[in-house]
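K.L.:
Each chain, letter by letter, is given below.
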Amino acid sequence: MTNHTYTPGGESIGRNVPRIDARAKATGETVYAGDLQIPGMTYGKLLRSPYAHARIRSIDTSAAKALPGVVAVLIGEDVLDINPYYGHAIKDRPLIAIDRVRFAGEPVAAVAAESLAIAADAVELIEVEYDPLQTVISIDEALAADAPHLHVTQLLKKGLFHGLGDFNLDPGNVCYHHSFARGDADAVFAGADIVVEGEYTFPGIYQYAMETHTTIASWNPLQDEVQLWSNCQHPFLVRAEIADLFGLPQNNVRITVPWLGGGFGSKSYTKMEPITVALARKARRPVRIANMVDESMVTTRRHGMNAWMRTAARSDGTLLAREVRAWFDTGAYADNGPRVVATGADAAPGPYRWEAVKVDSWGVYTNTSSAGSYRAFGASHLQWAGELQIDQIGRQCGLDGLQIRERNLLTPGEYVRPGGKPLDADLIGDIRQAAANLGWGTPKPDNVGRGLSVGLLAAGAHPVSTAFCRMEADGTVTVYGSSTDMGQGVRTVYTQIMAQELALPVSRIRVIGGDTQITPYDRSTGASRSTTLAGMAVKRAGGELRQQLLDIASREFGLPPDALEIRDAAVWHEDESRSFPDLIKAHFGMVGGELIGRGEVRPEQGSGSYAEGPVFWEVCIGGIELEVDQDTGKVRLLKTASVADVGKAINPDQVEIQEMGGIMQGLGNALWEEMLFDPQTGQLLNSTLFDYHIPTFGDLAVEHASSIVENEDGPGPYGSKGVGEGSLAGAIAAVATALYDAGVTIDQLPATPERIWRAMQKERME
Amino acid sequence: MTTTTRMTETGTITIDATVNGRPVHATIAAQTTLLDFVREELGLRGAKRSCDVQVCGACTMLLDGTPVSSCCTLAWEAQGKAITTIEGLSAHGSLDPIQQAFVDTGAVQCGFCTSGMVLTAKSLLADNPSPSRDDITAYMSGNLCRCTGYWRIIDAIQLAGERMRDKDGGS
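For the protein sequence lines, the chains are X and F, in the order given.
Numbering-wise (the numbering used here), the first sequence opens with residue 1 and increments by one.
Numbering-wise (the numbering used here), the second sequence opens with residue 1001 and increments by one.
No lab work stands behind these hints, which were simulated from the structure alone.
Remember, predicted model here, so these are calculated numbers, not experimental data.
Check before you lean on any hint, since a few could be wrong.
[Unchecked claim] Keeping only pairs whose Cα atoms sit at most 25 Å apart, straight-line, the calculated SDA-like set for lysine to any residue is:
{"#": "1", "chain 1": "X", "residue 1": "Lys639", "chain 2": "F", "residue 2": "Tyr1139"}
{"#": "2", "chain 1": "F", "residue 1": "Lys1167", "chain 2": "X", "residue 2": "Arg23"}
{"#": "3", "chain 1": "X", "residue 1": "Lys65", "chain 2": "F", "residue 2": "Thr1010"}
{"#": "4", "chain 1": "X", "residue 1": "Lys639", "chain 2": "F", "residue 2": "Asp1134"}
{"#": "5", "chain 1": "X", "residue 1": "Lys639", "chain 2": "F", "residue 2": "Asp1155"}
{"#": "6", "chain 1": "F", "residue 1": "Lys1081", "chain 2": "F", "residue 2": "Leu1042"}
{"#": "7", "chain 1": "X", "residue 1": "Lys634", "chain 2": "F", "residue 2": "Ser1141"}
{"#": "8", "chain 1": "X", "residue 1": "Lys65", "chain 2": "F", "residue 2": "Ala1029"}
{"#": "9", "chain 1": "X", "residue 1": "Lys444", "chain 2": "F", "residue 2": "Asp1134"}
Using the sequences and the hints, build the whole thing.
P.N.:
Have a look at this one:
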């Protein structure tokens, strides 16, 4: 193990340190939000609208309130003392329906009771009269000239974390429009040898974190203090929205985040917290709202999308131009839709050298459940369409999937888009590795397809993270950071970084969970940012603490700090050492004390790593080999390949497992998963896991081959950059290109056997 | 021995069973699921509720060694039976070989599926100490995981099987 290129002392980086949480999770001891018991806690249950679009004429809660054991019933009129609209991008969503419902499943009333069974009974006793309104369920319906409007868009206000520039909306159902153009696309298309064009459809998808949204809220009326325990990914952004909604100082709102049973974006930003706080405020008791799966399915989802795309090339396979128009179905409320729309547009050209690009994308309101973040949003939506067109061009030019990419991919230092951070990855090396992992070029039958894909995702979100660490008198260290561990292993990575910085064994380090009253600010947990940004804040905190130890030792040894080194949990000068507890004792006197290190990451001016957006370009590589049954259209997965271009793998094992998990979700997105909304009623038709297929053991490919690329070219600690999303987008696109190689041109996902069969019939007819 | 279960006029029911080897005697509402009984009445919260329709396996417990979805099993169905929950596997302070193998192979990410996975694997390895990959994927298909992509869970079950066979062979 050679770690001498990193901070002197530790030996943790690049090692497969076992996850610090694995043992407690394997024994069932880990406490998730739904396992918490708060003294005096009541149980909340929601009444949800059966209508996708309706006026609420009346709500009668009298029978529910009279039921013994009911503590409080909340309806829209109970929150009119505050401005009850929230949304981090656009404040378009009331925390409970006020006078109108905009999707089937929207909360209309909430009950707090002594038991969940009583709360459920009480919900049944609430009588609501609705006047149904005309619905717009599909994107096309929403954009029709005579479509009813879900919101008065001109009156909507920006959310606290809009961050997306101009906000002037025409009346209608468009919540956001993002566009950019470079070069003269029309002229390039007119003069091109080859133009491929297509229309594409991507489904709404449920993230399915196995743990549903679960929130406990407690309101102390004497102090106007709110305490939340919530399985949220972005506790500080939720805190800001709760404080804003209820008119409280931010430090009166405390959010404690337990271990999460998965997130994948479904628990990003604010979800069930506002309604839970409002119910607790009314009940004057703590209350827990724990969604069932069908409720979480209508809490957030991935955007469905319709798109049109064309790509131009010269007959030698040189790519020239791409034009894209995409419409994203954000459902009844924007949630993170504007960001998804923008990221999808930014990723649409793909990582190629273009003479011209022209991209427009729109977020569209419909009377369906609200859509937000899901792992690899943006790249997932359009990479498959773009990569399919690359292979269509390649076939016309006599270039295979590897050759056409080698010819056109951007190289390190080239600009992905004007003004941003240039490319910080070796994409040609990455795609060659993916091809090697697939056995590219080896013989195969006609009904077997091999596909590659490559894309880039603007990763990292806004670069603000802070951390601190305390070294106790006995030399043990506690790390305080607010990145949520939702299964990606961030607390293990923090442990390794701190162990490296302080030359301590990982067993001497403890990482506590996020708590807005205790752990310092972190913007969010998503966009593959935890290792790169929060990890850097932890590294800097450890470095500051290390410097304090060296300064103390310098006095004790009577030598300058640079004559000393830290290793094996001590400060050394040649053969002489002083342990950390010794140094702390010398510094504070016999009873000891503690040292505190602090680390910060923020947008840096000048040439710093975090100077230009994005924080880094996440590489989205895919490689799939599959077999298509020519009679039924059924797909058998033969091989999946991943290439994780991570700069430096802090924990290679955890990198590989994230890649494997991302691929499995990508396969689900590409082949099986689709939320089906009734075209008339807008109700979700497949709202249980009976009807909505999550990939199982039986869906695994026959083989999987992983590679990790470590060029130390990332802005994170030790040259690292994030991982976890790229493999998902890469896998979706590689399914599309592998199907194309097997003779199936797919334009709608998921590529079900029926759609593949129909595509094959169409091909045979032509 | 026959055991009888009788509902009272108040809609409650009395259940006698063992939970992780300890006798349990309780009077509960008749409609109480095994999952709610174990989590809420007994306070053993290692089993998780997720899909609630017997698809995902997060709530798996063993009844006389057989895996059941406790979300869709009434508590009274456990009358006279031995209930094993995840807490029972490490009751003596050391990990079961399956739990240890999950830790060692990286089969744990968010952990929400893990207790169910471990218990189903326990039943699999009791039936078949040396399962092939196909045996594992068939037997485990009632347990979902959204994080890991399953590969390491297969590795964990095979490693646990090897270690258990080695131990048996050596004793």
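K.L.:
Where does the structure disagree with the numbered hints, that is, which hint numbers, in rising order?
P.N.:
Of the numbered hints given earlier, the structure breaks none, since each of them holds.
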